[in-house]
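Engineer: Please put together the full structure from these sequences, using the hints given.
There are 2 protein chains.
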Amino acid sequence: MAEYSIGVDLGGTNLRAAAITKDGIIVEKISGSTNLSEGRDAVISDIVDAITRIKRKAGAGRLAGVGIGVPGFILIEKGIIVGSNNLPEFEGFPVRDEIERRLGTQVILENDANAAAMGEKWMGAGKEVDDLILLTLGTGIGGGIISRGRILHGFVGMAGEIGHMTIYPNGNPCGCGNHGCLEKHASATAVSSMAALLHLGDNVTSEDVYKMAAAGDEKAQMIFASMGTALGLAIGTLVNIFNFPLVLLSGGMLPAWDLFAPPMMKEVERSFTFRNTKTTVGKATLGNEAGLYGAAYLPFQALTATIS
Amino acid sequence: MAEYSIGVDLGGTNLRAAAITKDGIIVEKISGSTNLSEGRDAVISDIVDAITRIKRKAGAGRLAGVGIGVPGFILIEKGIIVGSNNLPEFEGFPVRDEIERRLGTQVILENDANAAAMGEKWMGAGKEVDDLILLTLGTGIGGGIISRGRILHGFVGMAGEIGHMTIYPNGNPCGCGNHGCLEKHASATAVSSMAALLHLGDNVTSEDVYKMAAAGDEKAQMIFASMGTALGLAIGTLVNIFNFPLVLLSGGMLPAWDLFAPPMMKEVERSFTFRNTKTTVGKATLGNEAGLYGAAYLPFQALTATIS
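In order, the protein sequence lines correspond to chains A and B. For what it's worth, the numbering used here labels the leading residue of the first sequence as 1, then goes sequentially. For what it's worth, the numbering used here labels the leading residue of the second sequence as 1, then goes sequentially.
Watch out, some of these pointers could steer you wrong.
Claimed, not checked - Label-pair ranges, simulated between beta-carbon atoms:
(1) A/E3 <-> B/G177: 27 to 37 Å
(2) A/T304 <-> B/R101: 34 to 44 Å
(3) B/A2 <-> A/L303: 31 to 41 Å
(4) B/T304 <-> A/S31: 43 to 53 Å
(5) B/G177 <-> A/T304: 38 to 48 Å
(6) B/S31 <-> A/D130: 30 to 40 Å
(7) A/P262 <-> B/E128: 42 to 52 Å
(8) B/R275 <-> A/L36: 23 to 33 Å
(9) B/G282 <-> A/V48: 43 to 53 Å
(10) B/A2 <-> A/E128: 34 to 44 Å
(11) A/K283 <-> B/D202: 46 to 56 Å
What the hints assert, rightly or not - Listed below are the simulated SDA-like cross-link pairs for lysine to any residue, each with C-alpha atoms no more than 25 Å apart in a straight line:
(12) B/K266 <-> A/K127
(13) B/K78 <-> A/G177
(14) B/K127 <-> A/E77
(15) A/K127 <-> A/G24
(16) A/K29 <-> A/E77
(17) B/K78 <-> A/E128
Think of the hints as simulated: they come from the structure by calculation, not from any bench. Glycine is no exception: its CB is placed at the ideal position from the N, C-alpha and C atoms.
Structural biologist: Next up, the structure:
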């Protein structure tokens, strides 16, 4: 087999890994669950086992390296996760070095949304461009920014926190300490909370609201209009700041595109730069695979990069 | 003399040029006025004359190139100015190519705020970092973003329009077609218009308001608090998006720092990333020279750059 790389996507509930060639072909893929209840050491062992298993299955090719996408802020030089709600046990722990030690292979740790953005640039909807912004619409809103073909990290690795852009200065409070963060007005969680405010039922999920809206419920439709408006405000500002050719949306909320995209685009139109350049706002195409592709791409990029 | 470069700063009222060595030493400087009333051709002749004069004065050194900072959006590959309120006669005109033709020297055209950001990175407050954001607080608010040591352009050159970030979704209308743009709430013009709303007098300038506030006038102080709050909202969001180590402010409003900085920093504190990293929000140090330095640096950078 040709040279390959291993991408890992560590989520709060799932652990997935893939061996991917330099041409972007997935040759092996495995998935399992993240056993957080068994503690940090068990999760690290699961990651190491998954990588070892997939390495064995991939056979004879040269392994370029391992990339791991994880939720939370990454201190990129130290390889440490901070502020991850999904992985509290990893807070401040040198997880990259520990995995490297056990594997005997170099590991790159990356924020999951950043990895997904890189994946879309490598093999997905962003193949034709060098610059893009990805927003992942899930229980929160993650962001990944690809600038000149590389992930924009900022100086400690926390760049791309698009979910925490202030959209409404006096908006909903956020766990980050801010008010009016995008993700408090446009995530799946925000959709559920608006449903509760509108008395659409107890414990209504964003998927329930989607079904109600698709069936014609006006309150449910209002919720998606509100979500789309918040998203559009953020995207319009991002277009003015970056003037990138492509803004992609992905994540669990994407099936509701037809409901939220029209009000979203109405707000994006506020941007002078959007109206005067050919910015595309569209759907990511790799779905859950984006993070695997992006994580796997990072070791290849690290090998070829001299100037960033 | 050593190798040098010529930086030009073309404003709505002033035309300035400097010959600067590779070490950042200004060896010659001239300034004049921009005679817009005499038409586009006269202004171009003035620019070419200024460059020719300073080239003659600079003497024997090798000229690396010419950089020109201008207000307005620049279509960077085409070297064309679009949407400049200060230079309407240049709209859509291939100004770079025309100046190149007359000079017989390669010219780089750049947005003035981008040039100023580059200048601060080269010889000013940003010397120690590779990544910074500059906000110029004048009649409008310009922005320049330096990422990995280079100006962030976006795909047509319009990146960095920080003055048009949406701060208040239902805020003041802006000529760009948006509502609630930062510059409609935090520029010198915004300060004047708030003064009019508070009946502080007819045709009150931002400098008048500053003097009133410094003398203890509570309404005038409220205006700077309002201006600082809007700025802080924008900067907090920029910190969350970029995680850059440095955000600089410059421009005619900078003397009012003590009035607007406290409310500004209160809003910046909303950013999780700001609270958890050592982001500095501070004053630019080169004043009006920043644009000259930055414009002069661009030809040097173009000569050394292979990978951007």
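Engineer: Confirm or reject each hint.
Structural biologist: Now for the hints, and whether the structure bears them out:
1. A/E3 <-> B/G177: 27 to 37 Å: violated, 50 Å
2. A/T304 <-> B/R101: 34 to 44 Å: holds, 39 Å
3. B/A2 <-> A/L303: 31 to 41 Å: Holds, at about 38 Å.
4. B/T304 <-> A/S31: 43 to 53 Å: With a Cβ separation near 47 Å, B/T304 and A/S31 satisfy 43 to 53 Å, so the hint holds.
5. B/G177 <-> A/T304: 38 to 48 Å: Holds - the Cβ-Cβ distance for B/G177 and A/T304, about 42 Å, lies within 38 to 48 Å.
6. B/S31 <-> A/D130: 30 to 40 Å: About 39 Å separates the Cβ atoms of B/S31 and A/D130, which means 30 to 40 Å holds.
7. A/P262 <-> B/E128: 42 to 52 Å: Since A/P262 and B/E128 have Cβ atoms about 47 Å apart, the given range 42 to 52 Å holds.
8. B/R275 <-> A/L36: 23 to 33 Å: holds, 27 Å
9. B/G282 <-> A/V48: 43 to 53 Å: Since the Cβ atoms of B/G282 and A/V48 sit about 45 Å apart, the hinted range of 43 to 53 Å holds.
10. B/A2 <-> A/E128: 34 to 44 Å: holds, 43 Å
11. A/K283 <-> B/D202: 46 to 56 Å: holds, 53 Å
12. B/K266 <-> A/K127: Measuring from Cα to Cα gives roughly 41 Å; hence the hint is violated.
13. B/K78 <-> A/G177: Between B/K78 and A/G177 the Cα gap is close to 44 Å, so the pair fails against 25 Å, i.e. violated.
14. B/K127 <-> A/E77: Holds, because 22 Å separates the two Cα atoms, which is no more than 25 Å.
15. A/K127 <-> A/G24: Roughly 12 Å separates the two Cα atoms, so the pair holds.
16. A/K29 <-> A/E77: Distance of about 28 Å is beyond 25 Å: violated.
17. B/K78 <-> A/E128: holds, 21 Å
The structure shown violates the earlier hints numbered 1, 12, 13, 16.
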